[in-house]
Each structure stands twice: as structure tokens, then as C-alpha cells.
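Using the hints provided, position chain B relative to the given structure of chain A.
Take a look at the letters that make up each chain.
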Amino acid sequence: MRIFLKLCPGLLLLVALLAIGIPELMAKQVGMQGEEKFWERTARFFLLQDTSVQIVVLGSTLIGISCGLIGSYVVTRKLSLFGDTLSHAVLPGIAIGFLWAESKDNIALMVGATGAGFLGVSCLTFLQKYTHVRQDSALGIVLSGFYAVGICLLTRIQKMEFGNQSGLDSFLFGQASALSVEDLWGIGCTLFIISLFILTAYKKLLITGFDLSFARSIGIRADSLQYVLWLLLAFCIITSLQAIGVILASALLIIPAVTASLLVKRMNSYLLISATLGAFAGLGGSFFSFLGQGMPTGPLIVLVSAGIFIFVLCLRPTDGLLIKWFFSRKNTLRIHRENTLKAVYQILESHDFQHQTINTQALMSKRGIDIVKCEIEIQQLINAGLATTEPRSPKLSIPGQSILSLTPMGWEYACKIVRNHRLWELYLTNEAKYAPDHVHDDAEKIEHVLGDDTIRQLEHILSNPRKDPHGKLIPSLTDMEMGNIESSPSS
Amino acid sequence: MNSLPYPIQVHDLTVSYQRKPVLYGVDLEIEAGSLVGVIGPNGAGKSTLIKTIMNMVRPNGGFVKILGKSPKAGTKHIGYVPQRESVDWEFPVTVMDVVLMGRYGHLGWFGRISKADKKMAHECLEKVDMLSYGNRQIGNLSGGQQQRVFLARALAQESSIYLMDEPFVGVDAVTEKTIVSILKSMQQSGKTLVIVHHDLATAKNYFDHLLLLNMRKIAYGPTPKVFTEELLQKTYGGRLTVFSEMASQAAKQPEIEAAKTIGE
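Going down the list, the sequences are from chains A and B.
Read the first sequence against the numbering used here and you will find it ends at 534, with the numbers running on by one and no gaps.
Read the second sequence against the numbering used here and you will find it ends at 786, with the numbers running on by one and no gaps.
With the rest of the complex left out, here is chain A (with noise of 0.2 angstroms):
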């Protein structure tokens, strides 16, 4: 965690490279014209003048929000790899769709795809019923094996004579602008069911993802359920491969699911985020590979959702990597802070407060550090307003010769945090029975954590005391409007 904390901003950084980079790289590619040519190519596809652009962009949009739907229900049932799996054992089915029609006909690659995706499935189940294979290695086994079938298939279809303009190859990777009228009706017609589905039996659904066996004691079929929803996700997935493509087709039901799971706490909310970054990512994979002239859509449109999803990671409300890393940071300051006030009242402390400076020398001994870092340190007060310097002589200025002088402010602030201390030591030698050379190094901690309301309780359970299991002054506002301690010269 702290590790990755630390890589958060080289992280970002390689985003926004990325995002200024891609642009870059595209107008290279389809560059000979230069600059001009990546904004015209942009406005081309953001306003659909062309038919094939329109295709292009209502297909990928609508593949995204199809994925982003079941994608919840694979990730929230923890089917990802089921997902991933189905998708690849589909590739022998496209491929003997093929063989059968001897051309792309979209009919019979759906059939021998749905046919595929059966026979997986039926394997998978298979191998756990009636064996001791373990799931994730039975899902490893038939994903690998029917992928290996599909690609030799493939690779015989190419040496054929009617496969050389096949372009089963954009089934790999993608291919959006290779999106047909047809493909689209099958695409519309997934989303249209899966929305049904999802609208009719949400409840259903999110009874038998939460709680199984309590779903089935209120008599819900949970069994034709799960069937369904895997039929859909079948249908999800084929319709979604000329797109988007065999091997990284699981990445868009995953990815836009598990960047939702990190903002909502509901399914309703969940579904509607999941839906909304996969049409974002659908649309945005098949940008770039217009841009990129046959740029294959597939890594593109995973490229965009990791994207988002690393940027949700980052900058999500209050648990982000990035946010919590600046408030860690904001505290590690202030603890510092802290420290170095400490230390100054100390010093004065040892002098029965009978200088109101001191100087650096006597800082770097007290804290044991080096000089650089005691500058550091001092320049931190200052920029906080806690403390000022000057030269120790007006004409000399080196370095780590300088005096410093607490201001009224940072005065204040010095004695409470040696108040918090004393307090705290007090309190676990008298009340929690510590002996008292125990209690140091837990005070040290706690001094930076105990709020003003602890320390109004504390008084009163200790009865509002003047010394410390050590015998030292416990500071309180009081004794310094009283002259106890002596004040710095106040302005």
C-alpha cells in the first residue's frame, strides 16, 4: 500500500502522458497531412457525418452499455474469469461458422459462436461435477484449449482461397469500423433483452447475488436465473466481438464494473456507473482506431477503460489513492512541525526560559539532525508563521548560523503540544499504571492525535495538574499570562 502510495504520482503522470500522448501518436499515424488531419478526422467522427461513422459509433456505445449491464452481475457473482473464458471458447465456433458458409455470413458465425460457447460451458461444468478439479484451474483448462483450437482453425481458414479477405482476424483484436447494419440489429436487439431482463428481475437477481440459499428458501429460481444470465452474457459477448474482439472482450464487462464498485454502495446506482463508463469506453476504443486508421479497437477501448479506472483509483471521494496520500502528507508535515516546536520549547525550557531565542546549533543537537534538514525544518515554521529568523550577527549569514524566535503563535502552539505530552504521561502513569519510564516513547505518538475535547477530559480526570510524572511544568494558558513560563517577546 505504501509503496503504491508512492508510485500514485509517477501513476498519474503516466496517464496524462498518455492522454496528451495518444493524440500525438495518432495524428503521427495519420500523419502525412499533420496536424490538420487529426482535427478534421475528430470532427469527422463527432459529427456522424457519415453513415459508417454513425454505425461505428451507435455500435460501440451500445456494445459499452450492454457490458457495462452484465459486467455488474459477472463481477458482483465473481465470474470474471467465467466471463473471460466463454469469450475465448467461442473463437472455434466463428471459426467453423465460417468453413460451413464460406464467407463472413453473420448468421451462421453466430450460430457456430453460440454453439461454441454451449460446448465450453458444458465442459466447464463437466469437469466440476464430476471431478476434483478445482474451479479457476478448470476455467484455465477450457479457456486455453478451445482459444488453441480457434487459432488453428483460423490459421488453416487464411491458407484457403476464400480466406484471404476473410478479415476473421478483426475477431482477435477488433475491429469497430468493420461494423455492419446487420451487426448492429444484433447488438441493439442484446441490449434491448438484457435491459428486460435486468428490469424485470432485478430484484431476483439481487437476492440470489447477495444470498443464495436464502433465495432459494423464498422460492426463487435461482438456477434458471444464473442459466439466463449466462445465456446473455453469452449473447453479450458475441455480439460484442467483431468490436472488440475474442481475447479482450472480458475487459469490458470487468473493468467499467470494477471502477463502479469503487464509487456506489447499490445495485441500482452500480449498474448505472458500469453502464455509463462502458458506452465511455466503447466509444472512446473506436475514436482512437478511426483515428489510428485500422487500429485495432480491442486494446484501444481496454486502454481508455483502464484509464478511467486508474483515474477513479486515484481521485475517488475520500478513499483515493491520491487524496489519501496528500492528507497523509498534509499530517506527516504537521507532526514535523510539531516536533521541531517541541524541541525549540524545550531548549528554552533548559535555560529556565531565561532567553527568549535560540539559536540553530542548538536545534540540529536537540532533534539529531544533520544541517540541511534542521533549514528545512525552521523554513517550515516560518512558512507557517510560527517563528521567525535573523542572522546571529547583521553582517554574517551563513547557514545554520541563524536565531530563531518563536512567534506569539507558534508560542501558543509549543506549549499546548508539550501540554498534550505531559498530560498523556501523567494520565498513564496515574491512571493506567504505567511505570513512569514507560510512558515516553506512547506519549510521543498520542501528543499529535489528542483533541481538544480529550484534553478537557483528562484535566478533569487528573484534576487539573501542574507537574508531570517527571516533575516538569505542565504549560496551560494560564501560567503563561501569569509569567510561570516567560513569553517571547510578544508583538
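Incorrect hints may appear among the rest.
What the hints assert, rightly or not - The list that follows gives simulated cross-link-like pairs (lysine-lysine, BS3-like), each with its CA atoms no further than 30 angstroms apart:
id, chain 1, residue 1, chain 2, residue 2
1, A, K409, A, K308
2, B, K726, A, K121
3, B, K598, A, K247
4, A, K247, B, K594
5, B, K641, A, K247
6, A, K308, B, K640
7, B, K649, A, K247
8, A, K172, A, K202
9, A, K308, B, K649
10, A, K247, B, K637
11, A, K308, B, K641
12, B, K649, B, K726
13, A, K172, B, K726
14, A, K172, B, K594
15, A, K172, B, K637
16, A, K247, B, K591
17, B, K706, B, K747
18, B, K587, B, K641
19, A, K308, B, K637
20, B, K747, A, K247
21, B, K641, B, K747
22, A, K247, B, K640
23, A, K172, A, K80
24, B, K726, B, K699
If you're looking for bench data, these hints aren't it; they were derived computationally from the structure.
Predicted model only: the values in this text are computed from it and were never measured.
Quick look at chain B alone, frame taken from chain A:
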């Protein structure tokens, strides 16, 4: 026999997992309005008995009747509280969502949750002292709080029979007291409750009937009668070795098993 059917009747029930018998020839008749504790050592078949009554596990022999009906028709009269670990606590639902699930049995396919359902869920959460947590995601609760949410869901079901699987596991002392007092008030309003329990020390005070189980029914009856040293010794003092060996042998013979199902 009573004129009214027993809430739960189990007759000569035998259940085995992968040919290993877990329950063997169990007879049980639970009367309406009892608060029954099911106790026995680990692996005695306590959860299996509950699951078989709930029709989640198929018996090899014997039968279960719920209010005189077959389990398939009868389970909807039962409020079931599964073991806490059997649930995915990271699931994106809030406490209120979970309690409302108790009302789902009363809704149809397109049934919407009515205001009355919501009010009811509210009251149930209040009864278990969890009302202020209604909007929390369930993953942010302690073990005791999770169990209370389960209890609230069971209350929202308004069933006449309740089966609970180890509701006191991983629960703090305060929650345990709350749960017991709620169980007792449920019993007073005429519900029948069967609760799997693991702690012998408290069993005596919590339940008015006890079922001592160790693969077989050792004893069933009112707590003072059953909670005797002799019977407890019989339940916990090692298995009946010869008996369990023979039972495993018998279960491995397919023809015996087949004969049994035909005989039924």
C-alpha cells in the same frame, strides 16, 4: 396425532454427502410455538438437518413435512437465516435493501415494494437496534451487526416457522442478549423456532426444547428432561464407532440404497 399438523415433521430421515452418511434415521416432531435448540458436536449433521428441511439437500431416505405439506410447498412458510459466512458481504447492497429482501417472498414478478413494506422493514430494523445503520453498505458492519440485520430480515418475512443456522457465531455479548430476547418474544407471539447452537453452557437457558444430535437423534424433548449428563455424554462422548462404520459400509452398497428409495 394432533388435529393440527406439526409445523415440522421429520420421519426416518437419512442424508449422505458423497456416500458418507451425515444423518441416519432421524425422527422428529416439533410442536407449534416451541423454541428448539439443536445441539451436538461438529459434524453431527446440525446444518444438514436444517438444509434438508429447507429442501436444499435431497434426502436418501425418509421424508420431511412442513405444516403437513411437502417441503417444496412448505418452505415458503419458513423464515430461513443462513450461516453468516455463507453470504457475500462485499455485495453492493445497503442494510435497508437486505431487510427489504425479507418482503420479497410476498411480492410477485413485477411486484413493487410498497410503502407498507418499507414501514415494516423500518420497524424490524428498529427492533434489532440497527435503524441508524439503514443506509450503510453491509460490508461496513461488525459481525454482531450483520447478524442483527439477518434477524431483521427474518422478522420482516412474517413467517410462522423460523430456522436459524448458528445465529450466535461471532457475535458479541450484547448482541447475543438482544437476539435471545427477540427470539423469546417471537416465541410468545406463537412462532415456532429451530435454532442451531454450538454452546452447551447457554443452551439450557435459551431454549425450552432441545434436540441432541450426533448423526442420529440422541434425544428430543423439553430442556429439563433432555439436558442430563447421561444424554449429553452420549451426544458428545465420541461417536458410536461400530454404528457409524456400518452405516458408511451400507451407504457404499448401491443396491441397499436403491432398495431404500424404492421402499419409500
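Results for each hint:
1. A:K409 to A:K308: Roughly 50 angstroms between the alpha carbons, so the hint for K409 (chain A) and K308 (chain A) is violated.
2. B:K726 to A:K121: violated (41 angstroms)
3. B:K598 to A:K247: Given pair K598 (chain B), K247 (chain A) holds - Cα atoms ~15 angstroms apart, limit 30 angstroms.
4. A:K247 to B:K594: Satisfied, since the Cα-Cα distance of roughly 19 angstroms is no more than 30 angstroms.
5. B:K641 to A:K247: It holds: about 21 angstroms lies between the C-alpha atoms, which stays within 30 angstroms.
6. A:K308 to B:K640: With a Cα-Cα distance of about 19 angstroms, the restraint between K308 (chain A) and K640 (chain B) holds, given a limit of 30 angstroms.
7. B:K649 to A:K247: holds (26 angstroms)
8. A:K172 to A:K202: Measuring from Cα to Cα gives roughly 40 angstroms; hence the hint is violated.
9. A:K308 to B:K649: OK: K308 (chain A) and K649 (chain B) at ~24 angstroms, within 30 angstroms.
10. A:K247 to B:K637: Holds - the C-alpha atoms of K637 (chain B) and K247 (chain A) are around 19 angstroms apart, at most 30 angstroms.
11. A:K308 to B:K641: holds (22 angstroms)
12. B:K649 to B:K726: Answer holds: K649 (chain B) to K726 (chain B) is near 25 angstroms, not above 30 angstroms.
13. A:K172 to B:K726: Distance ~42 angstroms between K172 (chain A) and K726 (chain B) Cα, so the pair is violated.
14. A:K172 to B:K594: holds (24 angstroms)
15. A:K172 to B:K637: Distance of about 44 angstroms is beyond 30 angstroms: violated.
16. A:K247 to B:K591: Roughly 25 angstroms between the alpha carbons, so the hint for K247 (chain A) and K591 (chain B) holds.
17. B:K706 to B:K747: holds (20 angstroms)
18. B:K587 to B:K641: Given pair K587 (chain B), K641 (chain B) is violated - Cα atoms ~33 angstroms apart, limit 30 angstroms.
19. A:K308 to B:K637: holds (22 angstroms)
20. B:K747 to A:K247: violated (44 angstroms)
21. B:K641 to B:K747: Violated. K641 (chain B) to K747 (chain B) sits at ~42 angstroms, over the 30 angstroms cutoff.
22. A:K247 to B:K640: holds (18 angstroms)
23. A:K172 to A:K80: violated (58 angstroms)
24. B:K726 to B:K699: holds (14 angstroms)
Taken one by one, the earlier hints fail for this structure at numbers 1, 2, 8, 13, 15, 18, 20, 21 and 23, listed in ascending order.
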